[in-house]
Amino acid sequence: MPKVEVPPRYRGPTNGLAVIEVEADTVRSCIEAVEVQYPGFRELVLDPEGNQRRYVRLFVNGEALERDAVDTPVAATDCVQVLAAAAGG
Amino acid sequence: MTNSIGDQLIRVDMTEHTVSIEAYPDAWKLLGGRALSAKILLDECDPNCDPLGPDNLLVLAPGVLAGSTAPTSGRLSVGGKSPLTGGIKEANVGGNPGQDLMKLGYRCIVVKGQPADPERRYALEVTGDGVQLVDADEHKGKWNYALIEDLAKTYSKTTSFISIGPAGEMRLKGASVACTDTEKDRHPARHAGRGGLGAVMGSKGLKYVAVDAARIPGRKPVDKGFYALGKKYTKTYIAGPGQEPFPKWGTSTGVEEANQLYTFPHKNRTEGRSPDVYTLDGMRIVESFEERGGGMHNCMTGCIVRCSNIVHDAEGNYKTSALEFETLTLLGSNCGIASWEDVADLDRLCDEIGVDTIETGAALAIYMDSGGLEFGDAEGAKRILHEIAEGTELGRAIGDGALAIGRKRKHHRVATVKGQALPAWDPRPLKAAGVTYCTSAMGADHTAGLVIEPGQPYEEAVRASQDSQILNAVIDSSGFCQFLMTNLDEVREFYGLFYGEEVTREQIADLGWQCLEDEWEFNRRAGFGKDDDLMPDCMKQDPIGPTKLVWDMDPELVSRIYTRFEPRDELFESRPS
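Chains A and B are the protein sequences, given in the same order.
With the first letter of the first sequence counted as 1, position 61 gets the number 819 in the working numbering; the numbers rise by one all the way through.
With the first letter of the second sequence counted as 1, position 237 gets the number 249 in the working numbering; the numbers rise by one all the way through.
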């Protein structure tokens, strides 16, 4: 099953879990599958229109996705990494 | 006039009206900025002194690498005993004065005493010809922008300035110290905001410091590999983090994410999200550049992050600069003010008068929450900021910060630790940040150690806070800006090449830990105890977010921060949040 890596600042909804296995076949459906288990996660990554949020970067197996490529297919052994931009004061 | 150049330290006695220069101890070469300020204050300042009296010290200490060619390395620490917290304080600031002092070979300025006549004003001039104290009565009471405009007529174009506004002269506890930026007009838009150090400077009768390094080149490293390291670091940064939204567009564009995490406090922290997130989002500022002008820039020469914004009004004229996330939060959302344009006006007023935007925003919100003003009344807020400068009773209370106005209004919801207002990053979802707020000698200060990890187990939150506090103590001593996001291994690599000797992991971690210990010891001697490490009741009782988060960490667990954990790889490899 593909895995989703959750950055530290988005682990509130996942109760501190950093890696979550899901049954899904696209990046989007991976995010949705995490949402089913841990409500509140999706809105951190995707805006209400379902687009990747500006401050989020998505990777599959370390390769960065284009911003409009949320429907990229994933294989069972793939890892979807969610990266959050740096914060500040 | 005292005349000497080298690695040296300037001592100013405002009682005797003297300036002396002494050799900078070689044993202190890896101290700078915050660590240097902490050492000097612990060694030389009576922790029980009156913060606005002659025995307090004002320390101006650039970071270790300031004045070198390392990227984004010119930051300055302003230190002293804080009139706001009653404890030790360091506030870190950008702009050019830090590196200009170092290029002249001055590692630190230590100011003691105060003039017999509290109505007199003085300035310190630091140039290649030496250092002198001069009269500055003609500038008494001037707002920061008007002051710099006038000074620019008589000082060279290469002079940078450190100044206070009327709030500092009135010795208000929320007063800031301003530094000028890289722009031709040298805007006094960079502020050492937290802790009221502007009042300390004002209590010394010092209106401004003028630093002219003319065209002195950067400080030379012992090992020329230093230059290659700087180039490599710059290339990696620009290709990677430099492309991210935050460095590209500034911290103001962090509003949306913070809101999603329930750490965009609204209406005196009664809610963690704001309905006005769209109109307060820094992306609106970015969008304004096309029609109005303005844009992103670096606040100090040699900065590669360029996260500072220059904000214009609807007519295309300069309005303010460095309109950042914390300001949009505390002066915007926290006050129920919906428009970034109104926050820009408030930001400009704070910079002019010389007050901390975080403390002032928190104070205004408490005033609103207690019924003094409607939430969202931006014009009312601007009037009150004018009252600070006028010195009215209300203005002084707001200028003295959140706790002062909270006590005056007998209000129950006053979110401070050690007397300093909580910043935007809320401890209810962010427990490790809360540990920092409780235990840092600085009081509630996110720059002392920010960890953004909701849902973190509490024991790990204590560990993470300690690591972050050590990291940030080193960075705030180095001259690097936290937004460059160097880790400890990178800092020690730069140090090693600059001084031509290896700096080990143990040494760099010890530098950070010693800085924390010096600060904690100063506060212990000043009378601080366990009760000063507590989060205010409102954070324990007022829940936010769908899971109703409150501050519920056991103080005994939090106090484990004072015992040093065995260093782990993460300490050296992690970067500031």
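Source of the hints: derived by calculation from the structure; they are not laboratory data.
Just so you know, even glycine gets a beta-carbon here, dropped at the ideal spot from N, CA and C.
Any given hint could be a false lead.
Simulated coverage check for chain A against chain B, where a stretch passes if three residues somewhere in it have a Cβ under 8 Å from a Cβ of chain B [said to hold, decoys possible]:
1) 764–774
2) 777–790
3) 821–828
Label pairs and their calculated CB-CB ranges [what the hints assert, rightly or not]:
4) A:Thr835 - B:Gly392: 54 to 62 Å
5) A:Leu841 - B:Ser571: 17 to 25 Å
6) B:Ala128 - A:Gly774: 41 to 49 Å
7) A:Arg812 - B:Glu518: 34 to 42 Å
Which of the numbered hints are not met once you compare them with the structure shown?
Violated hints: 2, 3, 5, 6; rest satisfied.
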